[in-house]
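Protein chains: 2
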Amino acid sequence: MFSRKEYKTRLNRTKQGMLQHGVEVLVLSNPSNMCYITGYNAWSFYVHQAVIVFIDEKEPLWIGRGMDAKGAELTTWMKPENILHYPDDYVQSSIKHPFDFIAELLLEKGKGDRKIGVELDAFYYTGKCHERMLIGLPEAELKDTGRLVGWVRLIKSDKEISYMRKAAYIVEQAMQAAYDRIDVGVRENDVAAAIYNAQIYGSDTFGGDYPSIVPMLPTGEQTGSPHLTWTDQRYKKGDLVTIEIAGAYRRYNVPMARTVSLGKAEDRVLDVGKVVLEGIEETLAFIKPGHTAAEVSSVWTNVIAKYGYEKESRVGYSIGLSYPPDWGEHTISFRKNDNSILEPNMVFHFMPGMWYEDFGVSITESILVTETGIERLTSFNREIYEKEVE
Amino acid sequence: MFSRKEYKTRLNRTKQGMLQHGVEVLVLSNPSNMCYITGYNAWSFYVHQAVIVFIDEKEPLWIGRGMDAKGAELTTWMKPENILHYPDDYVQSSIKHPFDFIAELLLEKGKGDRKIGVELDAFYYTGKCHERMLIGLPEAELKDTGRLVGWVRLIKSDKEISYMRKAAYIVEQAMQAAYDRIDVGVRENDVAAAIYNAQIYGSDTFGGDYPSIVPMLPTGEQTGSPHLTWTDQRYKKGDLVTIEIAGAYRRYNVPMARTVSLGKAEDRVLDVGKVVLEGIEETLAFIKPGHTAAEVSSVWTNVIAKYGYEKESRVGYSIGLSYPPDWGEHTISFRKNDNSILEPNMVFHFMPGMWYEDFGVSITESILVTETGIERLTSFNREIYEKEVE
Numbered sequence: 001m002f003s004r005k006e007y008k009t010r011l012n013r014t015k016q017g018m019l020q021h022g023v024e025v026l027v028l029s030n031p032s033n034m035c036y037i038t039g040y041n042a043w044s045f046y047v048h049q050a051v052i053v054f055i056d057e058k059e060p061l062w063i064g065r066g067m068d069a070k071g072a073e074l075t076t077w078m079k080p081e082n083i084l085h086y087p088d089d090y091v092q093s094s095i096k097h098p099f100d101f102i103a104e105l106l107l108e109k110g111k112g113d114r115k116i117g118v119e120l121d122a123f124y125y126t127g128k129c130h131e132r133m134l135i136g137l138p139e140a141e142l143k144d145t146g147r148l149v150g151w152v153r154l155i156k157s158d159k160e161i162s163y164m165r166k167a168a169y170i171v172e173q174a175m176q177a178a179y180d181r182i183d184v185g186v187r188e189n190d191v192a193a194a195i196y197n198a199q200i201y202g203s204d205t206f207g208g209d210y211p212s213i214v215p216m217l218p219t220g221e222q223t224g225s226p227h228l229t230w231t232d233q234r235y236k237k238g239d240l241v242t243i244e245i246a247g248a249y250r251r252y253n254v255p256m257a258r259t260v261s262l263g264k265a266e267d268r269v270l271d272v273g274k275v276v277l278e279g280i281e282e283t284l285a286f287i288k289p290g291h292t293a294a295e296v297s298s299v300w301t302n303v304i305a306k307y308g309y310e311k312e313s314r315v316g317y318s319i320g321l322s323y324p325p326d327w328g329e330h331t332i333s334f335r336k337n338d339n340s341i342l343e344p345n346m347v348f349h350f351m352p353g354m355w356y357e358d359f360g361v362s363i364t365e366s367i368l369v370t371e372t373g374i375e376r377l378t379s380f381n382r383e384i385y386e387k388e389v390e
Numbered sequence: 001m002f003s004r005k006e007y008k009t010r011l012n013r014t015k016q017g018m019l020q021h022g023v024e025v026l027v028l029s030n031p032s033n034m035c036y037i038t039g040y041n042a043w044s045f046y047v048h049q050a051v052i053v054f055i056d057e058k059e060p061l062w063i064g065r066g067m068d069a070k071g072a073e074l075t076t077w078m079k080p081e082n083i084l085h086y087p088d089d090y091v092q093s094s095i096k097h098p099f100d101f102i103a104e105l106l107l108e109k110g111k112g113d114r115k116i117g118v119e120l121d122a123f124y125y126t127g128k129c130h131e132r133m134l135i136g137l138p139e140a141e142l143k144d145t146g147r148l149v150g151w152v153r154l155i156k157s158d159k160e161i162s163y164m165r166k167a168a169y170i171v172e173q174a175m176q177a178a179y180d181r182i183d184v185g186v187r188e189n190d191v192a193a194a195i196y197n198a199q200i201y202g203s204d205t206f207g208g209d210y211p212s213i214v215p216m217l218p219t220g221e222q223t224g225s226p227h228l229t230w231t232d233q234r235y236k237k238g239d240l241v242t243i244e245i246a247g248a249y250r251r252y253n254v255p256m257a258r259t260v261s262l263g264k265a266e267d268r269v270l271d272v273g274k275v276v277l278e279g280i281e282e283t284l285a286f287i288k289p290g291h292t293a294a295e296v297s298s299v300w301t302n303v304i305a306k307y308g309y310e311k312e313s314r315v316g317y318s319i320g321l322s323y324p325p326d327w328g329e330h331t332i333s334f335r336k337n338d339n340s341i342l343e344p345n346m347v348f349h350f351m352p353g354m355w356y357e358d359f360g361v362s363i364t365e366s367i368l369v370t371e372t373g374i375e376r377l378t379s380f381n382r383e384i385y386e387k388e389v390e
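If you're matching them up, the sequences are chains A and X in order. Mapping of the first sequence onto the UniProt record's numbering: position 71 corresponds to residue 71, and the numbering continues sequentially without gaps. Mapping of the second sequence onto the UniProt record's numbering: position 68 corresponds to residue 68, and the numbering continues sequentially without gaps.
Straight-line alpha carbon distances no greater than 20 Å define the calculated SDA-like cross-link-like pairs of lysine to any residue that follow:
no. : chain 1 : residue 1 : chain 2 : residue 2
1   : X       : K236      : A       : L74
2   : A       : K336      : X       : S93
3   : A       : K236      : X       : D204
4   : X       : K159      : A       : D232
5   : A       : K96       : X       : S340
6   : A       : K311      : X       : S93
7   : X       : K143      : A       : S93
8   : A       : K96       : X       : S313
9   : X       : K58       : X       : L105
10  : X       : K96       : A       : S340
11  : X       : K311      : A       : S93
12  : A       : K159      : X       : T231
13  : A       : K143      : X       : K96
14  : X       : K96       : A       : N339
15  : X       : K96       : A       : D338
16  : X       : K311      : A       : Y90
17  : A       : K96       : X       : K336
18  : A       : K336      : X       : P87
19  : X       : K143      : A       : L134
20  : A       : K274      : A       : Y307
21  : A       : K159      : X       : D232
22  : X       : K79       : A       : D358
23  : A       : K96       : X       : W151
24  : X       : K336      : A       : S94
25  : X       : K109      : X       : L142
26  : A       : K336      : X       : D89
27  : X       : K143      : A       : S94
28  : X       : K236      : A       : D204
29  : A       : K115      : X       : E131
30  : A       : K236      : X       : L74
31  : A       : K143      : X       : I135
32  : X       : K311      : A       : P87
33  : A       : K96       : X       : K143
34  : A       : K143      : X       : S94
The set of hints was computed from the structure by calculation and includes no laboratory data.
My request is simple: use the sequences and hints to build the entire structure.
Structure representation (structure tokens):
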């Protein structure tokens, strides 16, 4: 939980964004944004819910399902009157919809003719949510305010950074648990279980939260595709495995990926690995406030091009507070044409995964932008780990 | 992985639903529905993707991000030509959108003037996805086909039921792990870690998959709200804890909730528990093919009313294949006005949680509807567990 002062700062920055977008009311649906503004923390985002910010009101509203309202009272900073809920027959009904309730509420509050911002592409703000808003608020002007709160979240407070340092500690432990457990004859799910145990145990002095993405552990030719999870197959000698996981502390996620070979790795894998390591060193040395995300991407592109390699996908993105299904913040990406300017206290997952037809190499770093450059949040050997096997 | 025959049956039933809805093309966005139709299994649903079914084509199309296409080739049954991907600069961009790509593709295939079904309220089909479809396909008639595939999923095949039996075994083990670990002085996250370990380990002969919802472990007054997860606080003597978790096997989820007291439970808790147990017995005894979901709900309501209790929220819902954020199928709910008729091989989570201002009792059963009644998928003592503590 953050101080009232910190929530007030977040809210004021959000209201400043609302002014820039020209909206008096902002309807948030992304659970990460809802939590960022109010503190609300529960796995209830499988039903529709919203946080509504009014430019002229001190406290936002939380609206969700009846059984979750108590959880909102317990986890948010607002007064209980600002926690509202819709009846249970609105849940997953083909007749009633929670956004009918929300539109009606805005009408009752006299906001039916206002400029209202919505997160049109946010997780859980479905086409139907927007349809019900359009139909329920015919006099309003609905505007897509996009990632407004995402941009506010970009620069972290000292307390947020302290949370991310704890998450970074956890991901180091979880990766070490994977390194220790993985072996010929061990099942993929048993490695996943060891990772989970470390992620949730955390440390002796603080506990882990659930990361926003489950362990991703593709093996063999599957390493050509990064988002496969695991099976109950047993590892064989010579298997290549990419491991992409996060540590999480109070919803702040710090990811890391490494590549493991059970026994000696193939030359083509080691060759890619060597180029990736050089690319990481040179790119991280370049990153500092004032440079753009596109410039960061181009340093990477130039290093690997020297060796004849190229990569189509982005090489990183901002991270922080998050809920499933993603630990990225969806604002800055390290890629061509992203001219966002880096500033101190932004945090990124530098993610230069290389994926081919039947193998891949993933080695990544989560980094904090400082006044003069970057600080790596984790300290974990980056080389391809060739585990000795029988 | 299911047989080609089973996927063909699923596809044909889906096409039958398309005929009923009057659409020639169906765009699926819910990852559970995408997997049900194609087998696609990866944690890639944090970027937009779709499976498209054409009423006059044998195989659906999968469309996603470039780095995920290989995973689609490896996990789906379709020919590689039916796996298509959009360029990476469509990912989380404020300029390009994956559904621009999808609309363009439909135009190129000559489907721009067709009746096209979309899952308007599906997870991950955002307002923006629908906007891009409307703008990109001005001659098409877009129709909300709602939970079309959800209704197909409702009746499980023998193989699906065999998967759910494995998931049921896993949730029993996970609940036992929680019972064993929870104690005065233990941290909430340590109980969560024990649950995870059992969930992912599975059994000696098959491994566990990740459940679609993380362990929910509210403690003390938090038990009045079911979807809170955990903290790193240590349990105290007298704490009441509700534990709602699932076991998962190859994406099939079987949930279970139980209520634990560290030491003697309060009378008000035991009183509710007693009524809940009687309500469960009587309601489960009533369930059989031919009865409606509303009738099931009313048996429950009548039992608890005898003791002066009432419950606003639904008392259960269909379950099966699922991805985060939900293990429910969003079709049948046990509640007033849901006149869906029960049939053999439907599977439900009977979930009569009772939540009050400062405490709650959750005791649930996952059940299979048989030819003559029901079979409980799990066998685990239902009583409130008053653990002996120091």
